[in-house]
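**Student:** One-letter residues, chain by chain:
2 protein chains.
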Amino acid sequence: MTTDLIDQLGVKRLAEYARVFNSTRLGEDEIVRILPLIDSLMIFSWPSFLTRERTRVMTRLRFVQSILAGVNHVPFSYFGTRVVVCSNAGAYSDGVAEHALALVLAAAKRIVEQNIQIHAGTAALVRHGEAAARIRFLEGGTMGILGYGGIGTSIAKLAMGFGMKVFAFSRRAGKDSNVQVGQGTRGLNRILETSDVVVLALPLTKFTAGIIDEKALLRMKKNAILVNIARGELVDESSLFEHLKANSDFHYATDVWWYKKGRESLMTDFPFAALPNFTGTLHVSGPSVLATGRPVLLAVENTLRFLKGQTPKNIVDRSEYISK
Amino acid sequence: MTTDLIDQLGVKRLAEYARVFNSTRLGEDEIVRILPLIDSLMIFSWPSFLTRERTRVMTRLRFVQSILAGVNHVPFSYFGTRVVVCSNAGAYSDGVAEHALALVLAAAKRIVEQNIQIHAGTAALVRHGEAAARIRFLEGGTMGILGYGGIGTSIAKLAMGFGMKVFAFSRRAGKDSNVQVGQGTRGLNRILETSDVVVLALPLTKFTAGIIDEKALLRMKKNAILVNIARGELVDESSLFEHLKANSDFHYATDVWWYKKGRESLMTDFPFAALPNFTGTLHVSGPSVLATGRPVLLAVENTLRFLKGQTPKNIVDRSEYISK
Chain A
1 MTTDLIDQLG
11 VKRLAEYARV
21 FNSTRLGEDE
31 IVRILPLIDS
41 LMIFSWPSFL
51 TRERTRVMTR
61 LRFVQSILAG
71 VNHVPFSYFG
81 TRVVVCSNAG
91 AYSDGVAEHA
101 LALVLAAAKR
111 IVEQNIQIHA
121 GTAALVRHGE
131 AAARIRFLEG
141 GTMGILGYGG
151 IGTSIAKLAM
161 GFGMKVFAFS
171 RRAGKDSNVQ
181 VGQGTRGLNR
191 ILETSDVVVL
201 ALPLTKFTAG
211 IIDEKALLRM
221 KKNAILVNIA
231 RGELVDESSL
241 FEHLKANSDF
251 HYATDVWWYK
261 KGRESLMTDF
271 PFAALPNFTG
281 TLHVSGPSVL
291 ATGRPVLLAV
301 ENTLRFLKGQ
311 TPKNIVDRSE
321 YISK
Chain B
325 MTTDLIDQLG
335 VKRLAEYARV
345 FNSTRLGEDE
355 IVRILPLIDS
365 LMIFSWPSFL
375 TRERTRVMTR
385 LRFVQSILAG
395 VNHVPFSYFG
405 TRVVVCSNAG
415 AYSDGVAEHA
425 LALVLAAAKR
435 IVEQNIQIHA
445 GTAALVRHGE
455 AAARIRFLEG
465 GTMGILGYGG
475 IGTSIAKLAM
485 GFGMKVFAFS
495 RRAGKDSNVQ
505 VGQGTRGLNR
515 ILETSDVVVL
525 ALPLTKFTAG
535 IIDEKALLRM
545 KKNAILVNIA
555 RGELVDESSL
565 FEHLKANSDF
575 HYATDVWWYK
585 KGRESLMTDF
595 PFAALPNFTG
605 TLHVSGPSVL
615 ATGRPVLLAV
625 ENTLRFLKGQ
635 TPKNIVDRSE
645 YISK
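As given, the protein sequences belong to chains A and B, one line each in that order.
Residue 13 in this note's numbering is what sits at position 13 of the first sequence, and the numbering runs on without skipping anything.
Just add 324 to the spot in the second sequence (first one is 1) and you have this note's numbering.
FYI, nobody ran anything at the bench for these hints, they're computed from the structure.
Misleading hints may appear alongside valid ones.
Claimed, not checked - Partner residues are not named here, just some residues of chain B that face chain A (Cβ under 8 Å, in silico): (1) Leu333; (2) Val335; (3) Leu338; (4) Tyr341; (5) Gly419; (6) Ala426; (7) Ala432; (8) Gln438; (9) His443; (10) Glu463.
What the hints assert, rightly or not - Some but not every residue of chain B turned toward chain A, in silico, with C-beta under 10 Å: (11) Tyr402; (12) Gly404; (13) Val428; (14) Ile442; (15) Arg451; (16) Ala456; (17) Arg458; (18) Arg460; (19) Phe596; (20) His607; (21) Ser612.
Heads up, the beta-carbon is just placed ideally off N, CA and C, and yes, glycines get one too.
All chains, full assembly: derive it from the sequences and hints.
**Tutor:** Structure below.
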């Protein structure tokens with residue numbers, strides 16, 4: 001069973017190995033009737049019609065493929081270990097990494113500030129002196145990447161292409177000899193203190209929420225660039241606003257926003273947009289990659305592996321998501 | 325003889341091999357008195373006090389080092405072939421290439437458009453659908469670089485790091501096997517027709533002025549990104565404005581502006597800033613590199629080569645600048 005997100009070509013390829021149902025085109029009655037027949041689910045986020053009770057009747061279910069990169073939306077307790085769950089890890093990495101570099105460069109070259117001035121008619125051409133000296137260069141600088149999974153790895157590759165030295169903060173020790181991986185509080189502090197650019201590419205967990213708080217901001221270089229392509233809540237909103245106001249050479253560039261009333265929102269508690277050292281985009285990085293069709297393509301290919309009896313990629317360890 | 329642009333360390337290094345005069349700290353009388361003693365000049369652009377008559381009395385002059393990348397400001401007819409003139413080629417390449425990629429990414433990710441909306445309070449978070457599909461990716465795309473000198477080469481290297489295929493338009497055949505170099509009108513047209521991103525890195529000459537005219541724009545992809553880090557006059561202003569108005573998916577991102585009344589100016593003939601598919605910066609790329617001190621450092625090092633009796637780098641062929 002799939003959703004409307006799968007394109008016709010994808011459905012055709014799947015149909016060579018399975019009968020394909022599109023849940024968005026079925027009535028709730030029909031869905032309930034066919035649930036006991038379903039071997040495999042391809043979902044974006046876990047469908048609301050699949051309650052605990054309805055999942056229990058899916059006795060043939062052996063395989064769940066997520067189109068979203070992560071699987072924290074999957075209710076593992078609804079089914080047992082006979083169901084293999086696969087993430088779509090890596091499907092978004094290169095695209096989100098491009099967006100991260102776009103934000104780094106927009107901050108370094110003060111793209112938004114200059115265009116706001118051009119729009120307002122207050123701009124003047126830079127010749128020599130102070131205005132030119134405020135433009136930053138990536139070459140020779142240091143990037144710290146917090147969270148060194150698929151996206152972090154892709155960002156590191158791009159940053160090294162610009163001649164940056166890269167440090168990463170990760171739970172796991174690194175395999176790439178060009179990137180030094182730090183761990184624990186000491187590793188984190190060292191990266192914050194030495195980096196010209198810090199990129200947040202961490203999952204949001206109870207350990208990472210608010211990891212960039214007042215103390216972390218004070219450890220960072222006065223003219224650092226902080227980029228967030230992960231989750232707004234990694235950064236303490238009020239501390240960040242005070243820090244940006246007090247340090248005009250510090251820049252925050254983000255694609256993600258804080259949750260207000262249960263959902264991500266542009267309604268911030270402080271007027272970030274009025275600050276010249278703030279750059280924002282509208283959480284476009286993931287959705288724009290989805291729009292290329294690549295994540296669906298990879299999800300279809302992985303489901304085909306299951307349907308052909310091969311071992312699928314990105315099998316998730318359910319113990320990382322439920323206690324038992 | 326040097327100018328104020330040379331820092332104290334530079335002067336100290338030069339002073340080990342020569343008596344160093346700073347022209348900006350001397351009166352005109354003093355300058356005229358010491359001109360016959362000068363062996364070597366280090367200039368930003370050719371100084372206005374050095375008229376043809378005054379240059380003629382500089383009988384010891386053997387070496388001129390430009391701090392600017394190009395030497396089109398040097399009046400070669402004022403002196404003979406005994407004077408070696410050196411450009412500062414390459415000193416700005418990596419920095420200007422970074423700026424070019426910043427503009428490419430700002431256009432691809434619609435950074436300015438989104439921030440103008442955030443400022444105006446008219447923005448909404450992108451989830452799926454059309455707005456996300458308008459974001460472009462460099463990976464797998466094609467970049468055409470018009471002008472394949474130091475800056476063009478640096479841009480190509482960065483673009484390939486993003487997984488782009490690179491074509492270059494150049495007078496000379498290319499040496500880099502990863503970049504296909506096209507020549508002549510046919511080569512140019514092919515690059516315009518096939519590129520997702522076109523970067524202008526050409527010198528402005530009588531052959532290149534207006535190279536991007538109405539016909540060239542019509543050859544380009546409807547959703548191409550055109551980036552200009554060279555000179556405004558490479559692009560026909562009125563044709564560009566009409567093209568941007570008619571093709572909302574086409575984007576022009578520029579660091580350089582057209583000349584009005586003899587100097588580069590933000591006072592365009594058309595309201596470019598009002599278009600969502602226009603991104604501008606304030607001719608910061610060159611001056612910001614100069615502000616790092618690197619071009620002066622390289623100019624000092626090259627002058628030291630001359631003073632030590634070694635062969636300096638970047639010796640210019642004067643026949644490319646004067647007819648005889």
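**Student:** Indicate, hint by hint, whether the structure satisfies it.
**Tutor:** The hints, checked one at a time:
1. Leu333: 17 Å, violated
2. Val335: 19 Å, violated
3. Leu338: Violated, because the Cβ-Cβ distance from B/Leu338 to chain A comes to roughly 21 Å (cut-off 8 Å).
4. Tyr341: 28 Å, violated
5. Gly419: Where the cut-off is 8 Å and the nearest Cβ of chain A is about 6 Å from B/Gly419, the hint holds.
6. Ala426: Holds - the Cβ of B/Ala426 comes within 8 Å of chain A, reaching about 4 Å at its closest.
7. Ala432: 7 Å, holds
8. Gln438: Nearest chain A Cβ about 5 Å off; hint holds.
9. His443: The hint holds - B/His443 has a Cβ within 8 Å of chain A, the shortest such distance being about 5 Å.
10. Glu463: 5 Å, holds
11. Tyr402: 26 Å, violated
12. Gly404: Violated - the Cβ of B/Gly404 stays beyond 10 Å from chain A, reaching only about 32 Å at its closest.
13. Val428: 9 Å, holds
14. Ile442: Nearest chain A Cβ about 5 Å off; hint holds.
15. Arg451: 6 Å, holds
16. Ala456: 4 Å, holds
17. Arg458: At about 8 Å, which falls below the 10 Å cut-off, the nearest Cβ of chain A leaves the hint on B/Arg458 intact, so it holds.
18. Arg460: Result: holds, 8 Å to nearest chain A Cβ.
19. Phe596: 9 Å, holds
20. His607: Constraint on B/His607 satisfied, holds at 5 Å.
21. Ser612: Because about 4 Å separates B/Ser612 from the closest Cβ in chain A, which is inside the 10 Å limit, the hint holds.
Of the hints listed earlier, those the structure fails to meet are numbers 1, 2, 3, 4, 11, 12, in rising order.
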